[in-house]
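Chemist: Put together the whole structure using the sequences plus the hints.
Protein chains: 2
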Amino acid sequence: MRNALGRVIPESAAGYGPITPFAGAFAAKPDGVRRNGPVKAVGSGRSKVLASLEAAFKAAGLRDGMTLSFHHHLRNGDFVLNMVLATAAHLGLRDLTIAMSSLHPVHAPLVDRMRDGTVSGLHTNYIVGPVAGAVSAGILAKPVVMRTHGGRARAIETGQLTIDVAFIAAPAADDYGNLSGVDGPSACGPLGYAAADAEFADVVVAVTDCLRPYPLFPISIPQTRVDYVVVVDSIGDPRGIASGTTRMTNNPTDHKIAHATARVIRASGLLKDGFSFQTGAGGASLASAHYVRRFMREGGIVGSFALGGITNYMVEMLHEGLFKALIDVQCFDLEAVRSLACDKNHIEVGASFYANPFTRGCVVNRLDAVVLGATEIDLDFNVNVVTGSNGVIMGGSGGHADAAAGAALTIVAAKLMRKRLPIVVERVLTATTPGETVDVLVTERGLAVNPRRPDLAERLRAARLPVKRIEELHEAALDLTDPPDPVPLGDKTVALVEYRDGTMIDVVRQASI
Amino acid sequence: MRNALGRVIPESAAGYGPITPFAGAFAAKPDGVRRNGPVKAVGSGRSKVLASLEAAFKAAGLRDGMTLSFHHHLRNGDFVLNMVLATAAHLGLRDLTIAMSSLHPVHAPLVDRMRDGTVSGLHTNYIVGPVAGAVSAGILAKPVVMRTHGGRARAIETGQLTIDVAFIAAPAADDYGNLSGVDGPSACGPLGYAAADAEFADVVVAVTDCLRPYPLFPISIPQTRVDYVVVVDSIGDPRGIASGTTRMTNNPTDHKIAHATARVIRASGLLKDGFSFQTGAGGASLASAHYVRRFMREGGIVGSFALGGITNYMVEMLHEGLFKALIDVQCFDLEAVRSLACDKNHIEVGASFYANPFTRGCVVNRLDAVVLGATEIDLDFNVNVVTGSNGVIMGGSGGHADAAAGAALTIVAAKLMRKRLPIVVERVLTATTPGETVDVLVTERGLAVNPRRPDLAERLRAARLPVKRIEELHEAALDLTDPPDPVPLGDKTVALVEYRDGTMIDVVRQASI
Numbered sequence: 001m002r003n004a005l006g007r008v009i010p011e012s013a014a015g016y017g018p019i020t021p022f023a024g025a026f027a028a029k030p031d032g033v034r035r036n037g038p039v040k041a042v043g044s045g046r047s048k049v050l051a052s053l054e055a056a057f058k059a060a061g062l063r064d065g066m067t068l069s070f071h072h073h074l075r076n077g078d079f080v081l082n083m084v085l086a087t088a089a090h091l092g093l094r095d096l097t098i099a100m101s102s103l104h105p106v107h108a109p110l111v112d113r114m115r116d117g118t119v120s121g122l123h124t125n126y127i128v129g130p131v132a133g134a135v136s137a138g139i140l141a142k143p144v145v146m147r148t149h150g151g152r153a154r155a156i157e158t159g160q161l162t163i164d165v166a167f168i169a170a171p172a173a174d175d176y177g178n179l180s181g182v183d184g185p186s187a188c189g190p191l192g193y194a195a196a197d198a199e200f201a202d203v204v205v206a207v208t209d210c211l212r213p214y215p216l217f218p219i220s221i222p223q224t225r226v227d228y229v230v231v232v233d234s235i236g237d238p239r240g241i242a243s244g245t246t247r248m249t250n251n252p253t254d255h256k257i258a259h260a261t262a263r264v265i266r267a268s269g270l271l272k273d274g275f276s277f278q279t280g281a282g283g284a285s286l287a288s289a290h291y292v293r294r295f296m297r298e299g300g301i302v303g304s305f306a307l308g309g310i311t312n313y314m315v316e317m318l319h320e321g322l323f324k325a326l327i328d329v330q331c332f333d334l335e336a337v338r339s340l341a342c343d344k345n346h347i348e349v350g351a352s353f354y355a356n357p358f359t360r361g362c363v364v365n366r367l368d369a370v371v372l373g374a375t376e377i378d379l380d381f382n383v384n385v386v387t388g389s390n391g392v393i394m395g396g397s398g399g400h401a402d403a404a405a406g407a408a409l410t411i412v413a414a415k416l417m418r419k420r421l422p423i424v425v426e427r428v429l430t431a432t433t434p435g436e437t438v439d440v441l442v443t444e445r446g447l448a449v450n451p452r453r454p455d456l457a458e459r460l461r462a463a464r465l466p467v468k469r470i471e472e473l474h475e476a477a478l479d480l481t482d483p484p485d486p487v488p489l490g491d492k493t494v495a496l497v498e499y500r501d502g503t504m505i506d507v508v509r510q511a512s513i
Numbered sequence: 001m002r003n004a005l006g007r008v009i010p011e012s013a014a015g016y017g018p019i020t021p022f023a024g025a026f027a028a029k030p031d032g033v034r035r036n037g038p039v040k041a042v043g044s045g046r047s048k049v050l051a052s053l054e055a056a057f058k059a060a061g062l063r064d065g066m067t068l069s070f071h072h073h074l075r076n077g078d079f080v081l082n083m084v085l086a087t088a089a090h091l092g093l094r095d096l097t098i099a100m101s102s103l104h105p106v107h108a109p110l111v112d113r114m115r116d117g118t119v120s121g122l123h124t125n126y127i128v129g130p131v132a133g134a135v136s137a138g139i140l141a142k143p144v145v146m147r148t149h150g151g152r153a154r155a156i157e158t159g160q161l162t163i164d165v166a167f168i169a170a171p172a173a174d175d176y177g178n179l180s181g182v183d184g185p186s187a188c189g190p191l192g193y194a195a196a197d198a199e200f201a202d203v204v205v206a207v208t209d210c211l212r213p214y215p216l217f218p219i220s221i222p223q224t225r226v227d228y229v230v231v232v233d234s235i236g237d238p239r240g241i242a243s244g245t246t247r248m249t250n251n252p253t254d255h256k257i258a259h260a261t262a263r264v265i266r267a268s269g270l271l272k273d274g275f276s277f278q279t280g281a282g283g284a285s286l287a288s289a290h291y292v293r294r295f296m297r298e299g300g301i302v303g304s305f306a307l308g309g310i311t312n313y314m315v316e317m318l319h320e321g322l323f324k325a326l327i328d329v330q331c332f333d334l335e336a337v338r339s340l341a342c343d344k345n346h347i348e349v350g351a352s353f354y355a356n357p358f359t360r361g362c363v364v365n366r367l368d369a370v371v372l373g374a375t376e377i378d379l380d381f382n383v384n385v386v387t388g389s390n391g392v393i394m395g396g397s398g399g400h401a402d403a404a405a406g407a408a409l410t411i412v413a414a415k416l417m418r419k420r421l422p423i424v425v426e427r428v429l430t431a432t433t434p435g436e437t438v439d440v441l442v443t444e445r446g447l448a449v450n451p452r453r454p455d456l457a458e459r460l461r462a463a464r465l466p467v468k469r470i471e472e473l474h475e476a477a478l479d480l481t482d483p484p485d486p487v488p489l490g491d492k493t494v495a496l497v498e499y500r501d502g503t504m505i506d507v508v509r510q511a512s513i
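These protein sequence lines map, in sequence, to chains S and U. Sequential numbering of the first sequence, starting at 1, is according to this note's numbering. Sequential numbering of the second sequence, starting at 1, is according to this note's numbering.
Check each hint, because a few of them may be wrong.
Here are some of the chain S residues that sit facing chain U, going by a computed Cβ distance under 8 angstroms [claimed, not checked]:
#  : residue
1  : 27
2  : 30
3  : 33
4  : 43
5  : 47
6  : 176
7  : 214
8  : 217
9  : 222
10 : 325
11 : 327
12 : 361
13 : 366
For lysine-lysine, the following BS3-like pairs were computed, each having C-alpha atoms within a straight-line distance of at most 30 angstroms [stated by the list, open to error]:
#  : chain 1 : residue 1 : chain 2 : residue 2
14 : S       : 40        : S       : 272
15 : S       : 324       : U       : 40
16 : U       : 324       : U       : 419
17 : U       : 58        : S       : 29
18 : U       : 324       : S       : 324
19 : U       : 344       : U       : 419
For the record, the hints were derived by calculation from the structure and aren't laboratory data. Backbone N, C-alpha and C fix where the C-beta goes; we use that ideal spot for every residue, glycine too.
Modeler: Quick look at the structure:
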């Protein structure tokens, strides 16, 4: 069948069941109730500390076919998924489903576990590295389910994604299960992507390398939701938290795009006292914060909050008084971690508060402007951040589609071409973020405004910004680049791309690699 | 039927259904799942502010027969219950059930609403003032359900107590429903008793007199759980937060008991580094903190946490470095409110974290020592804090039974007689806290140790404390007091007294007043 974007999607999928086609960014309405978590009773005097992961597997009753969840705040420094997989393989478990908010190159051992049948199912919001290649090549019989950060929280809260055992990488814990992300040698900041897991999983196992005296605080995840605590030598390498993408770019093209992006925000009329802002952690997206900062200083503007994915750059803007608060679901560097630990204006929130569309209001709904990247953007402003030009998975939505849907002004800031391939295309290979939620594309060759926003186009023209039709940018890209080869794809569906509301926005087919 | 304490209780009750008899403090085991809260979606740009309580009633679909919940952090200064009741009466609603965590003299208008049929059901953890008298006199056809603070959170989470509309008195709010208890003219500290209401009620209405710019923080209750915000002139009188019971006593008998209580704690072996402590807010109970403080100073002891109901006295002990943290579900005075607002070592928690027996571990489980009061205590160490000597309701468990069950050492500190009536009785009129969870009774005439704790009796004797049999204290009380008149009680059950696990520990019968 075809969904509202014209994408061909199956009626159902193995391990998933019936598929609801995407019908528009704000079309789906929730019904029903949140998932039931189990009622348990833990009495006085009982310590929750177990001697090993193996002991936790036993205590949790972990068995073949179960769904195990993980969070990714340790990013490419995470050791916990690999430790748990090694234990599962050692115990001979089969047919597990891994639900991890994001997968990084460090998680390469998962490929072996998918190959040997220890793992047969995968749910995630973002994949880079060997796991992405293996999934694209069709290593699993069942398609991987890819979600947004808000969509994952929604799926857990509504019971679409049920978790048997949640493993929480806890930079610090006490013996009764209070967990903190800002303490210990592997401090990573918030534990926001694990919040729903802890709330709704049947069994919750904290894995830590830093056991503190009771009571540990500040509390990211409370004792009332944690069953067991396992102490290991090390849960991760903090150097892996800061990935390369979070450094401010020196590239002049990035800066040209970033400057134009900041001018778009200023011209939109949103850049005034109370301004709220989210930006990506790399390239032109992060560089736009540099120019927004300059404009805020010049205008004497005091914003309300910056949201994200928080980098040191946002911490500096907080310290400078340009924002009153940082609302933080994930730290992108260690300076942000230190800020969260000591600054009461730097607030930790869970993924549901951040971006779950099926709550009484998540914080992306209150964003004035968000600046996002893209692998491809098409003439309908649909964005692809899942697959590369060769059809291989190399990312995922993360919070992309969430922030785009919530913000009053959504800007995609991207170079017109990457590696001699055009970014602006007639039709994206994989639709991740629907065009109706994207307002402006900014490139180094000019910018295009979504025809749904004539008011905005008028403002940008009045500010003498180089507004073009997106078709013009597409043609400019074609003039500059080699004609792209058609991407040879197999018939097999290797990934389902869920929109944040749980409808299917696209699928990814097997790539020839 | 008779329960494990030999109390005669009905098999079922109107508006309640079948009754499970109390079988022992740790006998009941939970099964099943937490209650489902509704899944909702609130999109961008929608303000939650409504013009009036009447508008909120309409938006919430409030109708006859519904259950409305309230919290009591504004204590005897609360205006919100009365405002909502006035609106309900004005709209001609009937047959409402009020579930408020505690009722105070200021809530006298509830009596009129019970009399005129606006309200026909009541759930609460504590009642003093005109409502208590009216309930005891049998104003309602259905018995009132009295719970503990932890038991109320349990009842809400498990779905035993379902809430249609929760009204949350919010000292500060933003227009998207983030609520804080430490800001605004009616700042009251934590909103811990409203946490479960906000999580599980079908509709959540915040009532505030202080609307702040978005985002409001620190966040006591998040936007993801709040449907509507109503701004009124005033939600309460902060002077009502500090009730008379929270002042340090000058009474020499109280101090004699308090000193002996502190000696019991010291002799128990628990008063060492890491010590954790909870005490009541009045009389000998609060005064015991004075002597515990002295002993901690003298011994150079650094405790882990103090829990409660937090008073200024505990704040001083925190500042002095005698505790590392205060864990706070309710502030008893404005100094404590100020401390919570600015000290990161003063931690707000919800009622479930505080005392819900059916979680993966509440914090009362980690208490070393708690000092509690009593209206009566009997030869089996069962305690009554619900009814006075005339059989009229004049209190309730609050956290009494919760802390007693959780703490390693539970001390009841009380004068041997009150108003010429003995505190130590053969059999308490109403059983609130089971004797198996009470370790020591301390009076001005000596102390008695529960026969279940021969180890403790041995330690106290070794410390030359005046250990007696509780029967001796009972006889001493009889010698000093007038023989108590038999209490004339009717047949009608006016209140069900639930133990924290949801079993029935006793009932209250109609009093002749």
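Chemist: Each hint needs a verdict: does it hold in this structure or not?
Modeler: Outcome of the hint check:
no.: 1; hint: 27; verdict: 11 angstroms, violated
no.: 2; hint: 30; verdict: 4 angstroms, holds
no.: 3; hint: 33; verdict: 3 angstroms, holds
no.: 4; hint: 43; verdict: 6 angstroms, holds
no.: 5; hint: 47; verdict: 10 angstroms, violated
no.: 6; hint: 176; verdict: 6 angstroms, holds
no.: 7; hint: 214; verdict: 6 angstroms, holds
no.: 8; hint: 217; verdict: 5 angstroms, holds
no.: 9; hint: 222; verdict: 6 angstroms, holds
no.: 10; hint: 325; verdict: 6 angstroms, holds
no.: 11; hint: 327; verdict: 7 angstroms, holds
no.: 12; hint: 361; verdict: 4 angstroms, holds
no.: 13; hint: 366; verdict: 6 angstroms, holds
no.: 14; hint: S:40 - S:272; verdict: 49 angstroms, violated
no.: 15; hint: S:324 - U:40; verdict: 29 angstroms, holds
no.: 16; hint: U:324 - U:419; verdict: 40 angstroms, violated
no.: 17; hint: U:58 - S:29; verdict: 22 angstroms, holds
no.: 18; hint: U:324 - S:324; verdict: 29 angstroms, holds
no.: 19; hint: U:344 - U:419; verdict: 43 angstroms, violated
The earlier numbered hints that this structure contradicts are 1, 5, 14, 16, 19.
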